[in-house]
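Each chain, written out:
Protein chains: 6
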Amino acid sequence: MSTVTIVEEQHATGDVRSIYEEIRNTMKLPFVPNLFKVMAHNPAYLRASWERVKAIMGQGVLDRRTKEMVAVAVSAANGCDYCVSAHTAALKSMGCGDAEIIELMAVVDLFSGFNKLLEGLLVASDIGVAARR
Amino acid sequence: MSTVTIVEEQHATGDVRSIYEEIRNTMKLPFVPNLFKVMAHNPAYLRASWERVKAIMGQGVLDRRTKEMVAVAVSAANGCDYCVSAHTAALKSMGCGDAEIIELMAVVDLFSGFNKLLEGLLVASDIGVAARR
Amino acid sequence: MSTVTIVEEQHATGDVRSIYEEIRNTMKLPFVPNLFKVMAHNPAYLRASWERVKAIMGQGVLDRRTKEMVAVAVSAANGCDYCVSAHTAALKSMGCGDAEIIELMAVVDLFSGFNKLLEGLLVASDIGVAARR
Amino acid sequence: MSTVTIVEEQHATGDVRSIYEEIRNTMKLPFVPNLFKVMAHNPAYLRASWERVKAIMGQGVLDRRTKEMVAVAVSAANGCDYCVSAHTAALKSMGCGDAEIIELMAVVDLFSGFNKLLEGLLVASDIGVAARR
Amino acid sequence: MSTVTIVEEQHATGDVRSIYEEIRNTMKLPFVPNLFKVMAHNPAYLRASWERVKAIMGQGVLDRRTKEMVAVAVSAANGCDYCVSAHTAALKSMGCGDAEIIELMAVVDLFSGFNKLLEGLLVASDIGVAARR
Amino acid sequence: MSTVTIVEEQHATGDVRSIYEEIRNTMKLPFVPNLFKVMAHNPAYLRASWERVKAIMGQGVLDRRTKEMVAVAVSAANGCDYCVSAHTAALKSMGCGDAEIIELMAVVDLFSGFNKLLEGLLVASDIGVAARR
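Protein sequence lines, in the order shown, are assigned to chains H, G, L, X, P and U.
In terms of our numbering, the first sequence opens at residue 1 and continues consecutively.
In terms of our numbering, the second sequence opens at residue 134 and continues consecutively.
In terms of our numbering, the third sequence opens at residue 267 and continues consecutively.
In terms of our numbering, the fourth sequence opens at residue 400 and continues consecutively.
In terms of our numbering, the fifth sequence opens at residue 533 and continues consecutively.
In terms of our numbering, the sixth sequence opens at residue 666 and continues consecutively.
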């Protein structure tokens, strides 16, 4: 379900069709995820978003496993079931077990608590890059 | 500044005093961060929180650098200047440069956008652990 | 489902009954949405909320379509399925198609990403109303 | 500073002027808070918002102190310095000391952490009103 | 459902087993909530979290009912169905009825709106602890 | 200030230099905003992000003014001072006055409140696209 229709693979033509094919090949999936199929109503948006996924998640100075952990952590903080599910699966496919996922989430738990505590007390930065001691 | 007073190190006694000393030693800091100095109005809360910091951020199945990256990413998503500042400094002290920090934040940017897009369209999970295809 | 009972239309009396009728008439609905039926346990809260809905969403300097777009965008950012569903339907009833809704959500995606990036790097404002260049 | 001008008290006329006076009297303040002075560009919005403040924060089934605690806790969770500052001051004027404020914030810390942990693991409700055990 | 397995009560051994028993006894529940059963993959995290729950939610300067109200309010602001469900049930078991829960949520509604309004206009604090009038 | 250095215009070379020039020309600004100057540590990320800004904010089915309103509303909901400041200035440059900005923010206020109320009561959708009446 979604509030808009999705552009099904069999109905994709032109640029959308070729991006869909590239997504399936790059992500090694037998289907195109809904995330991209809703974007396809606006091919320029789909194209620019897919290019950006490749630029950010592709080869870089951080390894892919770290990036997938950050993806799950951020999606937990922002409350997105879809991305939590997709990127936890990605972590598992890289050999991450329950112990690693729980330790990752313990860090999310710890700092989400401290984040709100510090906001609720208006505590000034006294440590780190922006410290004003 | 903070909405409550902080329990200064020279005024700390008993359990608070010994936790303060442990914090300075463990974190290798010349002072106790405000985060803990506000908690000290409730020594049981300070004690339990510090024990939990050690349990989560100490030795485990994930390396400390990955945990610090997750700390910064989560604090960015939750909007906490204090923790962003403190844990970016921790990353830098481990040798992380601007290129790594920007790549980390690019992942936060990418998924924060997708998180809200998927919510705004009520897109059903079709990939990963919770997929309902 | 909800954690409290809802005040059903057939059980509404007095002020709640007349507000319910006004809601159905103004919103041109055959029933009163659950949003208002939970509020009805506190008639003063229901009354004040409904008056405020009319003051904000009624005639003003912005057109209704723009306001409905903002309603969907804000509800996406805040993570509220109920309001996303209700106000996307409102947009569709005004003739908005999938292309418009996707473009609206692309803007939500773009800025939600940038919002968290800027927070995660503590970037100072250098442009606009609050610039400190 | 704010992105819009504020309607100063000496420039307020008609309905805005009388609401301003009511705000000062009800809140026992020598000035009208900026929150209301920005709203005054739209007198209907100001009127409806002020009426709603009175309906929600006035006499009811919960005592005022509990409501002020909830106001601070929610503002911490949502990240609003203005409301944290204003309602912590309200708590202090009711005799709340640092120990109470820290205990309040400890609860915010605890649950903000658990909230994100549960989201990040997609844990199903098994306890309470919506349990699906 | 959850993205990780849960450590079932019949499979718990050693420290996890004794914490589980303490949780059931303290919370007066016939089973251990999933919140703790996912944590059990990391016994040190489970132990430290449970100790912290007791330190924060146990006897202190605020009464338990106020703390449960804050738990529900914060979980609403952070968007956590699990905690909203669990702690609304706790409130009901203490005699809280629909009228109290709606009044509690009206405060959440009021300040969540004002929180975002003040952010969206960058209104400076002019009242309370951090006022800069 | 920011936690990373920014790539100053006079130090930009190659692809970064030409993107900077395009940004200044397209946005009709005498300088490149910090948002892009932090990204420049990763030229592929800068390139992909700028292309996406053009694809989303450029010509489409929604007018630019509506998109700028959504940008401000989303940035208010997500708590980003930088984007609130930048895009409120954009609205003003298009002729938007205080009355329009306040009405926009009134909609943000209204729905941010309702968003959290509905979450805090776990109210089921009964209206709109995802209704389950």
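Hints may be right or wrong, so weigh each one.
[What the hints assert, rightly or not] Pairwise CB distance ranges, derived in the manner of DEER restraints:
1. X:E408 <-> L:S359: 49 to 57 Å
2. P:T545 <-> G:H144: 39 to 47 Å
3. X:S417 <-> G:S226: 39 to 47 Å
4. X:M493 <-> L:T279: 34 to 42 Å
5. X:E420 <-> L:Q276: 53 to 61 Å
It should be emphasised that the hints constitute simulated quantities derived from the structure, not laboratory data.
Using N, Cα and C, we set each Cβ at its ideal position, and we do this for glycine too.
Exercise. Find the hints from earlier in the document that the structure breaks and name them by number, from lowest to highest.
Key: Hints 1, 3 and 5 not satisfied by this model.
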